[in-house]
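Construct the complete structure from the given sequences, taking the supplied hints into account.
Listed here are the chains, written in short residue letters.
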Amino acid sequence: MQTEYNEKSQSSTEINDNQAAPKETFKVISPGRMVAKRFFKSKLSIAGLIMIVFVFLFSFAGPLIINATWGYKELQVFRIERISDMVTTADFVGPDGRTYTYFDKSKTIVHFKAPPSKEHWLGTDTSGFDIFTRLMYGGRISLLISFIVIFLETIIGVILGGLAGYFGKWVDQLIMRIVDIFACLPGLPILLILSATISSIEAIPAEHRIYYLMAFLTLMGWTGAARIIRGQILMLREQEFMMAATTTGIKTIHKIFKHLVPNAIPQLIVSATLGLGGIIIYESTLSYLGLGVPFPRAAWGSMIALADPSKGQEILANYPNMWVPAGVLIVITVLGFSFIGDGLRDAFDPRMKR
Amino acid sequence: MLNYIIKRLLLALLILIGASILIYMLSMLMPADYIDNQTAAALQSGSMTMEDVMRLKQLYGLADKSFKGIMKSYFSWLLSAFSGDLGHSFLYSKPVTAVLADYIWISFTVAFISYILQIIIAIPMGIKAAVNQYGPYDYTVSVFAMIGTAFPSFFLSALLMNVFSIRLGIFPLLGLTTATKVFGPNEHFAIFLDKAWHLVLPIAVLTILGIGGTMRFTRTNMLEVLNSDYIRTARAKGLPESTVVYKHAFRNTLIPLVTSLSGLLPSLFGGAMITETVFAIPGIGYMAYRATIQGDIPFIMGYNMFLSILTVSGMLISDLMYMVVDPRVKLS
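Protein chains in written order, with our numbering: chain A, 282 to 635; chain B, 2 to 333.
Keep in mind the hints are simulated off the structure, nothing from the lab.
Quick caveat, the model's predicted, so the values are computed rather than measured.
Please note that the accuracy of each hint is not assured.
To be verified - Here are some of the chain B residues that sit facing chain A, going by a computed Cβ distance under 8 angstroms:
1. 10
2. 14
3. 16
4. 23
5. 26
6. 27
7. 151
8. 172
9. 174
10. 178
11. 275
12. 281
13. 301
14. 312
Glycine included, each C-beta is placed from N, C-alpha and C at the ideal position.
As structure tokens, this is what we get:
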């Protein structure tokens with residue numbers, strides 16, 4: 282579609298006009314490579330890419346390395362004995378009318394909540410699980426959920442948005458009103474209702490809850506993709522190449538999904554990349570509230586939930602090694618996706634560059 | 002104009018009825034509702050029989066879980082909702098509208114102050130970043146703004162609590178009032194100060210999370226305006242750069258900003274569910290969270306419908322505002 286001449290070629294074509302020189306002197310760059318070139322020019326998109334690659338390696342290759350070297354997985358319980366001083370004080374009024382303070386100092390043996398050590402880089406948590414390993418498995422869950430959900434959302438959005446944009450009239454009216462209804466539902470409260478329902482039905486095994494979670498997240502998020510596709514198709518279907526496609530007499534379904542939708546793909550990729558971070562935040566919020574991935578499976582959100590001050594301040598105050606790393610990983614992942622999304626948007630369409 | 006508004010209002014009504022059917026179905030599908038939770042112990046000990054429980058449910062229209070039964074109770078809910086009666090909350094033993102009215106103001110205060118702060122901080126930052134596009138200031142501010150939006154609210158809350166409440170001990174950890182302090186009946190100012198002190202951290206969380214979005218929005222719009230023809234004209238006239246930026250360009254940046262503000266309606270009145278829950282602040286979001294967990298169906302229904310109404314009216318207002326603020330926009 283687009284060709285780019287480099288500076289050298291321009292000057293040399295001027296000199297030898299009617300010779301067959303162009304073969305050597307100018308370079309045709311495919312649109313895909315131009316996008317890649319523009320993408321890698323931006324420092325932020327490279328930073329985002331590095332962050333995402335790191336998180337992927339950490340969560341998918343990390344567990345394999347741990348398992349191969351030390352031979353344990355996410356649910357291995359470590360009982361590390363350490364002696365902890367416990368001091369309790371109480372005031373009481375003695376028979377002589379004076380106030381005495383009573384100290385009770387005892388030594389207890391604690392097995393869990395080990396501090397960071399050589400064997401366990403981030404220590405162990407309240408159940409004796411190795412935190413560093415659980416971070417990896419939690420990352421798997423978050424990344425997997427976000428990619429599957431975005432994929433499903435995009436497919437539903439492409440089909441419904443494509444139909445609405447192409448046919449217009451009552452099809453458009455019907456589909457867009459459904460989109461409106463879903464878009465006006467409050468996201469988090471509805472997800473809470475759905476997750477609470479699923480976790481209280483005993484017939485559903487706990488391991489299957491994650492699939493329901495994905496379905497719910499998709500249900501609440503597909504409207505964005507549908508709107509984007511519809512808008513793009515409304516614009517594209519009036520252009521000349523669609524007239525050309527119509528004159529060749531191909532099927533409507535091919536016109537929509539072979540000629541219109543591919544032209545909307547850059548927009549879709551950008552919105553999908555920017556959407557990944559949002560899904561990770563939703564998923565971790567549900568896990569934080571105990572309605573996401575069920576215990577004992579690890580999730581970043583439920584690891585941070587250990588610090589919930591309504592359950593006692595001990596972990597929030599004294600064990601930052603249990604909850605800070607999970608939060609930092611969430612921030613890195615979400616930030617990485619938004620850097621890449623921004624970079625892609627600028628690369629696909631330099632005119633939109635902001 | 003009037004025709005357009007009427008058409009939009011009817012459409013909004015249609016959307017809301019669709020949304021209410023969905024929400025009603027969903028909340029009726031919850032297998033354990035408040036009555037189940039409350040009567041479970043009595044059933045176990047034998048002081049209540051299953052018939053008693055069913056009679057209770059019948060009383061509240063929760064017994065029939067078939068499609069027909071749900072539709073029947075939905076229509077009776079819809080009829081009373083139109084007359085302004087959203088039913089009776091089980092958990093708070095008050096009418097739903099009264100609970101909403103009682104707890105909404107604390108959420109509104111928190112959200113309102115944090116929006117004012119966001120605007121004060123983010124808009125000048127966005128303008129400066131747009132003027133110095135791709136400069137070091139632009140990069141630093143953009144990156145920090147994006148980091149702010151990447152935080153989940155509960156993690157940011159936990160971090161701030163750890164630093165400011167536990168380590169430094171400046172701000173209280175949880176709640177809206179200090180439980181150990183006793184105030185006299187006339188110490189209104191002291192009570193106010195105590196509450197304000199408890200709200201500093203939640204407001205800070207909401208502000209930090211929101212600055213990024215507003216700042217980037219301002220920056221994008223400012224860049225668009227700065228590249229337009231009339232700005233070139235203004236510069237060609239030899240106006241000082243500050244007049245061009247702050248007088249000519251900034252005014253047109255306000256158009257999308259003003260219209261986007263009406264989209265904030267749900268978050269302004271609907272409460273910040275997670276932040277309020279983490280800080281245990283009795284705002285509407287915290288109340289709704291507790292009601293959802295305990296299966297208080299009338300309150301769940303009322304709260305979610307309230308949010309849907311806010312969303313729909315926010316969209317409506319922002320479309321109308323667009324026409325008022327920007328004369329170039331024509332009705333379709």
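* Quick check: which numbered hints come out false for this structure? -> Failing hints, ascending: 1, 2, 5, 8, 10.
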